[in-house]
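Colleague: Sequence:
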Amino acid sequence: MREIKTVTVLGANGTMGAGSAAIVAAFGKAKVHMLARDVNKAKEGIEKAISSIKTDTIRPRLIPGSYDQDLEKAVSESDWVFELVAESYEVKEPINKRIAKARKPGTIVSTVSSGLSIARLADAFDEDGKKHYYGTHFFNPPYKMILCELVTHAGNDKKVTKKLGEYLDKTLGRAVVYTNDTPAFAGNRIGFQLINEAAIKAEEYSDKGGIALIDAIMSGYTGRAMAPLDTADFVGLDVHKAIVDNLYEMTKDAAHSTFKLPGYFQKLIDKGDLGRKSGQGLYKMTKTPDGKKEKLYYDIKGDLYVPVPKFDIPFIKEANRRIGEADYIGAMNIVKEAKGLEADIARYFIARYVSYSLSIVGEVVETKEMSDLAMGTGFNWAPASAFVDFLGGPKEAISLITKAKLPVPEVLAKAKAGKPFYQLKDILDARSLFKG
Numbered sequence: 001m002r003e004i005k006t007v008t009v010l011g012a013n014g015t016m017g018a019g020s021a022a023i024v025a026a027f028g029k030a031k032v033h034m035l036a037r038d039v040n041k042a043k044e045g046i047e048k049a050i051s052s053i054k055t056d057t058i059r060p061r062l063i064p065g066s067y068d069q070d071l072e073k074a075v076s077e078s079d080w081v082f083e084l085v086a087e088s089y090e091v092k093e094p095i096n097k098r099i100a101k102a103r104k105p106g107t108i109v110s111t112v113s114s115g116l117s118i119a120r121l122a123d124a125f126d127e128d129g130k131k132h133y134y135g136t137h138f139f140n141p142p143y144k145m146i147l148c149e150l151v152t153h154a155g156n157d158k159k160v161t162k163k164l165g166e167y168l169d170k171t172l173g174r175a176v177v178y179t180n181d182t183p184a185f186a187g188n189r190i191g192f193q194l195i196n197e198a199a200i201k202a203e204e205y206s207d208k209g210g211i212a213l214i215d216a217i218m219s220g221y222t223g224r225a226m227a228p229l230d231t232a233d234f235v236g237l238d239v240h241k242a243i244v245d246n247l248y249e250m251t252k253d254a255a256h257s258t259f260k261l262p263g264y265f266q267k268l269i270d271k272g273d274l275g276r277k278s279g280q281g282l283y284k285m286t287k288t289p290d291g292k293k294e295k296l297y298y299d300i301k302g303d304l305y306v307p308v309p310k311f312d313i314p315f316i317k318e319a320n321r322r323i324g325e326a327d328y329i330g331a332m333n334i335v336k337e338a339k340g341l342e343a344d345i346a347r348y349f350i351a352r353y354v355s356y357s358l359s360i361v362g363e364v365v366e367t368k369e370m371s372d373l374a375m376g377t378g379f380n381w382a383p384a385s386a387f388v389d390f391l392g393g394p395k396e397a398i399s400l401i402t403k404a405k406l407p408v409p410e411v412l413a414k415a416k417a418g419k420p421f422y423q424l425k426d427i428l429d430a431r432s433l434f435k436g
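Numbering (the UniProt record's numbering), first residue to last: 1 to 436.
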């Protein structure tokens, strides 16, 4: 792989395109052809890029252009073509055919996709093109979310993969997770499994607080910067649907049924209530008569928005207190020993998260460290391996998983007692070594 000095970004006017271009220009010091449907859109992308990293110093490196007028010339002089157009084969494949004709040998071509087949997209290219074609799944917004899933397929050259991974890591400052070409890759597969199952549970307990109850139970003490259903609202219910529908169709693992989209999600999508971007979805912000902000949640059975109640769940208060004292094992002991429905739900989802995160090792990623890195840097969730230690070690984690009637992952079953399951050194080693 040659030095990356010139890059073409396709889809440069979108949030991800502009943000990614900013990273390449700022950290990679590369000249970036910013291509969009027309030059004015590309110029809008340049302003978004500058705004995303809050510095005008990259402006001279950003060159606006359009697909019709500038694609072939820009691609022909690029060392990396970074495609971020719409998430569909119908849009990406014709673009790839044009790129394939214009690229020079040795040029990296990659796509931002949350789940399309990288091998299928690589079919547009000759042998050299296939060798240099990858998924580079940046997370949004790129300046704040440093995860990049580097997705490989059978046609890749391992030496090129290693060099590209080093560039993404050392030059662009990405936390590189090497994944196989599997549906939704690592981060979204784990994350949206839990989110969608939380949505299913919310309907099951709709008469006890539904969406608001599940998010209260799955709040910060469970290692999440944002509760799962609040996350679905943040990313958009339409985006959530696209990811879980793909996983439901394309995977057949032990969690398969949990990827089925709940009916009330589709109901909200059909009404255009997609979440924060449309003003309401699973939640809605409003004002009381006296002008105070109030958060409402969607009452599934009533098909209306009602105020989020203040749940009084004693074990959560105590767990949060322990976490405030950095006593994570103590916090999990509180959760393990608590009584009642809320505690049962909390234990189930902690068990599910650990079980599913570690179950993808071997199929999706090569090591548990890759899974941990994906969730820590892509979702801001405490890694599953850390939870094993918080729970008291592999034996206690296996006990919790078994009681929840969930599969015990092989990597956990083989773990040695008395040794920390989660070690930061292992994560750092995994970032710099590709065990392909």
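A hint or two may mislead.
Stated by the list, open to error - Distance windows between CB atoms, simulated:
(1) Lys416 to Glu337: 45 to 55 Å
(2) Phe234 to Glu90: 22 to 32 Å
(3) Lys293 to Asp327: 55 to 65 Å
(4) Lys416 to Arg321: 28 to 38 Å
(5) Lys405 to Glu249: 40 to 50 Å
(6) Arg98 to Ile329: 52 to 62 Å
(7) Lys260 to Pro94: 30 to 40 Å
(8) Val91 to Gly340: 20 to 30 Å
Keep in mind that the hints were calculated from the coordinates and are not lab data.
Ideal Cβ placement from N, Cα and C applies to all residues, glycine included.
Colleague: Which earlier hints can't be squared with this structure?
Modeller: 1, 3, 5 and 8
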